[in-house]
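**Student:** Chain A is fixed; fit chain B onto it per the hints.
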Amino acid sequence: DGGITQSPKYLFRKEGQNVTLSCEQNLNHDAMYWYRQDPGQGLRLIYYSQIVNDFQKGDIAEGYSVSREKKESFPLTVTSAQKNPTAFYLCASSRHREQPSYEQYFGPGTRLTVT
Amino acid sequence: EDKVVQSPLSLVVHEGDTVTLNCSYEVTNFRSLLWYKQEKKAPTFLFMLTSSGIEKKSGRLSSILDKKELFSILNITATQTGDSAVYLCAVANLGGATNKLIFGTGTLLAVQP
Numbered sequence: 850d851g852g853i854t855q856s857p858k859y860l861f862r863k864e865g866q867n868v869t870l871s872c873e874q875n876l877n878h879d880a881m882y883w884y885r886q887d888p889g890q891g892l893r894l895i896y897y898s899q900i901v902n903d904f905q906k907g908d909i910a911e912g913y914s915v916s917r918e919k920k921e922s923f924p925l926t927v928t929s930a931q932k933n934p935t936a937f938y939l940c941a942s943s944r945h946r947e948q949p950s951y952e953q954y955f956g957p958g959t960r961l962t963v964t
Numbered sequence: 018e019d020k021v022v023q024s025p026l027s028l029v030v031h032e033g034d035t036v037t038l039n040c041s042y043e044v045t046n047f048r049s050l051l052w053y054k055q056e057k058k059a060p061t062f063l064f065m066l067t068s069s070g071i072e073k074k075s076g077r078l079s080s081i082l083d084k085k086e087l088f089s090i091l092n093i094t095a096t097q098t099g100d101s102a103v104y105l106c107a108v109a110n111l112g113g114a115t116n117k118l119i120f121g122t123g124t125l126l127a128v129q130p
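Chains as they are written, first to last, in my numbering: chain A, 850 to 964; chain B, 18 to 130.
Careful, some of the hints might be misleading.
Unchecked claim - Straight-line Cα separation of at most 27 Å, DSS-like style, residue types lysine-lysine; simulated pairs:
#, chain 1, residue 1, chain 2, residue 2
1, B, K58, A, K863
2, A, K906, B, K20
3, B, K57, A, K863
4, B, K85, B, K74
As the list claims (entries may be wrong) - Some residues of chain B that are not near chain A, with every Cβ distance over 10 Å (derived):
#, residue
5, P25
6, T35
7, S49
8, L51
9, K58
10, T61
11, K74
12, L78
13, S79
14, E86
15, A95
16, Q97
17, T98
18, S101
19, T122
Since the hints were derived computationally from the structure, they do not count as laboratory data.
Being a predicted model, the structure only gives us computed values, none of them experimental.
All C-beta atoms, glycine included, are put in the ideal place defined by N, C-alpha and C.
The following block holds chain A by itself, in its conformation from the complex (with noise of 0.2 Å):
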């Protein structure tokens, strides 16, 4: 089955450390997306990858980090540096930038929770 996946679905950390999610595709989508979704505010960019080793910040890339060695994976690591990153975290992938889809799929989810 083709889909998109993050790991693991609940995570819990104590302030201070950094913690890395997890997003793997096999959908063959040359673009990968991060989002941050809180209560009352929808979803927001966090960062975003058209192709592999190259990505750009989105809308609230500070206190994150992202990498984007293989097409498949595209990991967020969510630095000591995010104030509040306590969140529940979205992957989404879309189609190739030869043909640009704008409709994302997206996978299950991270719940983080930082204490």
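**Tutor:** Chain B in isolation, oriented as in the chain A frame:
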């Protein structure tokens, strides 16, 4: 600044009711408007609208776009408890070759038996 506004923020109805969800936008380089349904976790795609006045329909759900007045509506007829979800509206803003979506805050729909 680009923005997408959804209303109402939340809505409670009874099974069998018809509901209309609203999405208005102010976005430069508008390309398409998308509707998603989000239950517990991953948003799932419902519709993508690019042209004004053409209704998209899927079962009891339908949607239409008005590019002159910059809004879209999502209609759900004969609602069922399984329609309870957050409905997200997003606008595709094509800057260069970027497939970026700008999301609204969502409408939380609760359908009571």
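**Student:** Does each hint hold? Answer for all of them.
**Tutor:** Now for the hints, and whether the structure bears them out:
Distance check on the hinted pair: B/K58 and A/K863 sit about 24 Å apart at the alpha-carbon level, within 27 Å; holds. Taking the CA atoms of A/K906 and B/K20, the gap is about 18 Å. The hint holds against a cut of 27 Å. Note on B/K57 and A/K863: the hinted pairing holds, with a Cα-Cα distance of about 25 Å set against a maximum of 27 Å. Between B/K85 and B/K74 the CA atoms are separated by roughly 21 Å; this keeps the pair inside 27 Å, and the hint holds.
B/P25, annotated as away from the interface, keeps every beta carbon of chain A farther than 10 Å; the closest lies near 13 Å. Look at B/T35: its CB is around 25 Å from the nearest CB on chain A, clear of 10 Å, so calling it non-interface holds up. With a least CB separation of 5 Å from chain A, B/S49 falls inside the 10 Å interface cut-off, contrary to its annotation. For B/L51, the condition that its CB be more than 10 Å from all CB atoms of chain A is violated, with the nearest at approximately 6 Å.
Not every beta carbon of chain A lies more than 10 Å from that of B/K58, the smallest distance being close to 4 Å; the non-interface claim is violated. Annotated as non-interface, B/T61 brings its C-beta within 10 Å of a C-beta of chain A; the closest such distance is 8 Å. The beta carbon of B/K74 is kept farther than 10 Å from every beta carbon of chain A, the shortest such distance being approximately 17 Å. The non-interface label for B/L78 is consistent with chain A: the shortest C-beta to C-beta separation is roughly 16 Å, beyond 10 Å.
Distance check for B/S79 against chain A: the nearest CB is about 18 Å away, which clears 10 Å, and the non-interface claim stands. Chain A leaves B/E86 outside its interface by the beta-carbon criterion, the shortest separation being 21 Å against a cut-off of 10 Å. Look at B/A95: its CB is around 26 Å from the nearest CB on chain A, clear of 10 Å, so calling it non-interface holds up. Residue placement check: B/Q97 keeps its beta carbon more than 10 Å from all beta carbons of chain A (closest about 23 Å).
Distance check on B/T98: its Cβ is at least 22 Å (rounded) from any Cβ of chain A, clearing the 10 Å threshold; non-interface status holds. Under the 10 Å C-beta cut-off, the non-interface status given to B/S101 relative to chain A holds; the minimum distance is some 17 Å. For B/T122, the condition that its CB be more than 10 Å from all CB atoms of chain A is violated, with the nearest at approximately 4 Å.
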